Amino acid sequence: MDLMQSQEQDAIQETVRSFLGKQLSLEKTRRWAEGDAAEGLDDVWREAGSLGFFALALEETAGGSGFSLTEEMILFNELGRSLAPGPWLGSVLAARVLGGAERAAVVDGSLPCALVTIRDADRFEVEGGRVRAQLSQVADAASARALLVYDAADWYLVRRDASWEIASQRSLDPTRVLSSLTCDSECAVVARGESARSLALTATILSCAEAVGGIERTVEMSVEYGKVREQFGQPIGSFQAVKHRCADMAVRAEVARSATIYATIALRDGVANAAHHVAVAKLLCADAYLQNGADNIQNHGGMGFTWECDAHLYMKRAHGFDHAFGPRATQLEALVAELRA
Amino acid sequence: MDLMQSQEQDAIQETVRSFLGKQLSLEKTRRWAEGDAAEGLDDVWREAGSLGFFALALEETAGGSGFSLTEEMILFNELGRSLAPGPWLGSVLAARVLGGAERAAVVDGSLPCALVTIRDADRFEVEGGRVRAQLSQVADAASARALLVYDAADWYLVRRDASWEIASQRSLDPTRVLSSLTCDSECAVVARGESARSLALTATILSCAEAVGGIERTVEMSVEYGKVREQFGQPIGSFQAVKHRCADMAVRAEVARSATIYATIALRDGVANAAHHVAVAKLLCADAYLQNGADNIQNHGGMGFTWECDAHLYMKRAHGFDHAFGPRATQLEALVAELRA
Amino acid sequence: MDLTFSPEEEAFRREARAWLEANKPAADERGEEPRQRAEFDRRWQRAMFDAGWAGINWPTEYGGRGASLMEQVIWYEEFARAKAPEPTTLFVGLKHGGPTLMACGSDEQKSFHLPKILSGEVVWCQGFSEPGAGSDLAGLQTRAVIDGDDLVVSGQKIWTSFGDIAQYQELLVRTDPEAPRHKGISWVICPMDAKGMEIRPIRTMAGHEEFCEVFYDEVRIPRANVVGAINDGWKVAMSTLSFERGTAFLSEQVRLAQLVDALVELARETPLESSPQRQVALEDEHIARRLAQCTAEVEALRAMTYRSVSRTARTGMPSAEGSLIRLFFSELQQRVCRLAMDILGSRILRWDVPRGEWDWVFHYLLVFSSTIAAGTKEIQRNIIGERILGLPR
Amino acid sequence: MDLTFSPEEEAFRREARAWLEANKPAADERGEEPRQRAEFDRRWQRAMFDAGWAGINWPTEYGGRGASLMEQVIWYEEFARAKAPEPTTLFVGLKHGGPTLMACGSDEQKSFHLPKILSGEVVWCQGFSEPGAGSDLAGLQTRAVIDGDDLVVSGQKIWTSFGDIAQYQELLVRTDPEAPRHKGISWVICPMDAKGMEIRPIRTMAGHEEFCEVFYDEVRIPRANVVGAINDGWKVAMSTLSFERGTAFLSEQVRLAQLVDALVELARETPLESSPQRQVALEDEHIARRLAQCTAEVEALRAMTYRSVSRTARTGMPSAEGSLIRLFFSELQQRVCRLAMDILGSRILRWDVPRGEWDWVFHYLLVFSSTIAAGTKEIQRNIIGERILGLPR
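Protein chains in written order, with the numbering used here: chain A, 1 to 341; chain B, 342 to 682; chain C, 683 to 1075; chain D, 1076 to 1468.
Extracted from the complex, chain A is given alone in its bound form (with noise of 0.2 Å):
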């Protein structure tokens, strides 16, 4: 029994820490947020590829790393932290469920792959290998060479084509910009079954783990903030109104990331109840960054409440965390049919 990071595993954290703050620094992403669409992210992704980060869980034979899902959740920790950009849950999930060559194209970086789910509004018809979609929140479509999508019961591959129109939209989240998208393209059926369902899983408990990251990232900020902003003559994190809401979302961050390190060891080791696992830390998450998000807003005072201060595109991503697999309601409903049962 060990819940803590290995020395191998705080260095993966590091490469990727540093990494992200070399290629996918918040102040980038705000630039890209605002529009600025000059640096594409086919370099960073090409880098991010040579650094093995889309394979990590794979075998070395099939050209990853032989590490696992709590290495990939260190990763996603990371790219949480730092609100990145980019279509990574759909590569690496796509890393696990392809072969030969689309396979090594994802790993190496050449093939972006966006994760949909398939909401109520949407239509996605497959017929004889194609599909007919017409998608209503696709994030990160723009970088993507193909879609990953999961229609809550089985997974496809859709690679881009010619008939791909994307539209961007008015998006809450800024740093995650969701498009419409049709299109009439070639379809593979992925994941199928029991593999479908572990997929998802895996999805959902990556998606935990970079909420982890923008959980721990909002105790930070409010600590910081309540260091060195004075008011009364003294850092208002001397304050208890400020210290005790700050030990609060510490208290939060915790609960939130030791549920995710239990549910995704228990996935990776393929545990009984994992699923049950999942949707605990999935819920727990969910309130803990939702709670998070806007308590760290309210700590930056006047300051909190501008575009320019980071507080607010962390409670946006949490609404985003939130609707990612199930919201909170879905996930209790799950723990009380388990309870009747």
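Everything labelled a hint here was simulated from the structure, so no lab data went into it. These numbers were taken from a predicted model, which means no experiment stands behind them. Treat the hints loosely; a few may be bogus.
Simulated pairs of lysine-lysine, DSBU-like, Cα-Cα distance not exceeding 35 Å [stated by the list, open to error]: (1) Lys1452/D <-> Lys568/B; (2) Lys1059/C <-> Lys28/A; (3) Lys1258/D <-> Lys568/B.
Following the hints, position chains B, C and D against chain A.
Frame of chain A, contents of chains B, C and D only:
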């Protein structure tokens, strides 16, 4: 539009408070709670009768003072503030629905009437002017000369006779001991239909008034303690953890009081949607009393956890209040039904 | 104790309702751009002024109606009921600056400014907060040196709503840097076209630009523009803030009930994503109870408002209890908007929500400021603890 | 990162489970009266001690098993699983006094006291808090004057659990009233049969008498009973508190999962009064979601505990993060008990609830102390803010 007390109402409040300070102080109530039955309620009841407390809302021709429900609200505020024991609510309600000599006896304090609402586990079988009853939670049974019973449809009066068997029980709230009671006694319907419903609303809003007194007392207690109790060389009320909790308690008290005053006047004046306003008041008073009751204990620290400190008595009374005339969930469901209508 | 309105008040209400129904402009004529909004607000305020509906409880000598605070509340209720557009760009003049001048201004100041404010001729803005003086207002550093008949102001203000379109600013400056913090401050009327001012808009997390930073580089303001005595500005500012905490948000409080009504409608129409059968949100037990709780609380808010107005009617002063209401209101407003997000589900991510009277996502983002601006919720709790409950500092 | 236990740990678990199943006494033999409880606890602790199950992670030289903290946690889990009765009267000796002596005691103190503590021979109590020194422990006033080979103690302590049945007390006294607050304190082992002591029980809001006030009137305690150096008691006390905040509540944390399981069972069996059809509480949507939330949170608590033990295994010290867990635990415990009250409905008023393993009403009242005793939740938040997050005092 005026939601403040008049000078005349202030004077009523003063009279009641002074009466209770002399006759039913919390110290005296505690002695009773500890089983010291030497001082009975009879004298108190007769003095309350002579002061007109059971007949505030009756016409002068009916032996009353010609006031109204708003003045009864003030009476119950004070009763709640001092956690006064005794069958106040049943007596005030009985004075409204009885006539002739019975009413006169209630009004002069010689016929204390305990209010009973029928619970799931109770038996209450009325036939031919008699009732065979087995009641599980009767407050103030020992001092009652009659029961005023509400079975969620009609109201009944049951006069005490030799058949009554009363056994007091271990109760959560030591200031309001609940007894079981069996009887085979004469029984008369005293209100039906619309007037029964109206009486139930009156009972509910006077319970709210009683709760408001307790809620406000929790704020006072916390503030008083916060001013005098010192730790780390300063009064604990100067720490934001305590100060801000007191502020939230004060907000809840103002919410509860405002909603209760509004509903009381609406009911007094026969406003069409008075039942709605009563449900709102009941819900918000329960929220406020339960939370303030708990917060008041926390504000008193270790002292708050002792039997000797009054804080727990208010918290326990809050639970009793919540269950009187429908708990929070029931009030919320009533409001939900209105929204869906 | 009485819930009914007097015959005069009822008549006033009927008259107000009829006039608003006949004269209110459509809110969608208003536009988004601040100058356009201000123009709209001025025209609308002028129309109300001309018809005798501006400043219901302002004295008649300044163009007000001279009516009671209760009639003012009735006006706000009818205003909300009619869904008439709030002249938000005129907020500071009407709710802060005007009342402060009435309480502390000289006769000249009153007779010059109050009619202009009330008739919508001028937009006022606030210059209280500074980058280093937010919750701790008395820590303000913007200096004013007295030079003959002028104050010469240098420094910086922040969170100045509509600073870019205002004609006047209620400005707090430090006129005696040697004095204790609260003793060396003056309250000045600053003309926004004075030389040496630079105004930079601040973008909020809701994506709009309503606030500004204002920089002062030796800006000369006539000494006659000081309200109250030189170095006595803290007292004047406290008067301003007592309106802010007392009556300035009355109309917002009244409007919150409308927001809750709209939310119930939204819940009636919106299929809930987390419901397997996509039943509408109002049919969901959890959403429904949260809605019911909000409706109960907004009714309590109304009762609290009436109670506060009753109290003010007796004492003639804004009651200190205003902070209780303000705190409850601001947190309730946030709960209401948060509930809207849960009803709308993932639609909010693409801001793809039905636009009716409210843009729910924008409003949700906006009300994050409700527990920050005009005194953070922490400051409100301090005020309640110290000034209302008497707890030690 | 690993969720599995080593083969040795698994073997330990099996052995523990088998032994507990065969040897645990029935909790109902225990009685309510403190002396009777203590007698029961001593016998039970002695049985564990004799069989090698006392002090799982205590060094073998003091009669412990010398195993890891993880094995200690496994033992608590099996203990909870077996529903074995906690020897609560021995808490202070086993969780506070013993670990403190191990960390700071002299060889004589360790060899004399630790075996007695571990074998259940003696009951210890705490003498830290005073009427004027609760959260502010360093404000303690109980004086000890050095007189030859003795300390002569006068003053008063409060909140001393089982003070009336204990043989020893971990006592903090002020030995240098001139020194700064934290510098003049000593940590002393006080024999409870010393002359000049008076012990008065305090009744709690739950109606039971577990706490005492202790009065000292020139009580002579041998100077050899001082643990650590004279006037260095604050450091020793901080060591005691680091156990309190680190590992002392491990078994309580583990048992909370059981309380939640029992609550689910209660909800499965209890018709809900607010339900018109009197469906059982688990069928009520609102109760069910609150229960689900509690089960999720108690699982997170377990993960947090494992994580904390993993951390301690690396560093060898109780981790500062203990306060995070303690705060979360104490508030969760209160939420769980509050939910029980809502399930039971008006039955709680007559304390007329099904008695199983838990007396729900009593437990609900008892856990009000969970955010007060052993550091209020406010003190825990200060510790988290200042010592873990590094915010200024």
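Restraint check for Lys1059/C with Lys28/A, where alpha carbons must lie at most 35 Å apart: Status holds; Cα separation ~34 Å.
Check the hint pairing Lys1452/D with Lys568/B against an upper bound of 35 Å on the C-alpha distance. 20 Å, holds
Regarding the pair Lys1258/D and Lys568/B, is the alpha-carbon distance no greater than 35 Å? At roughly 29 Å apart (the allowed maximum being 35 Å), Lys568/B and Lys1258/D satisfy the hint.
When held up to the earlier numbered hints, the structure conflicts with none and fits them all.
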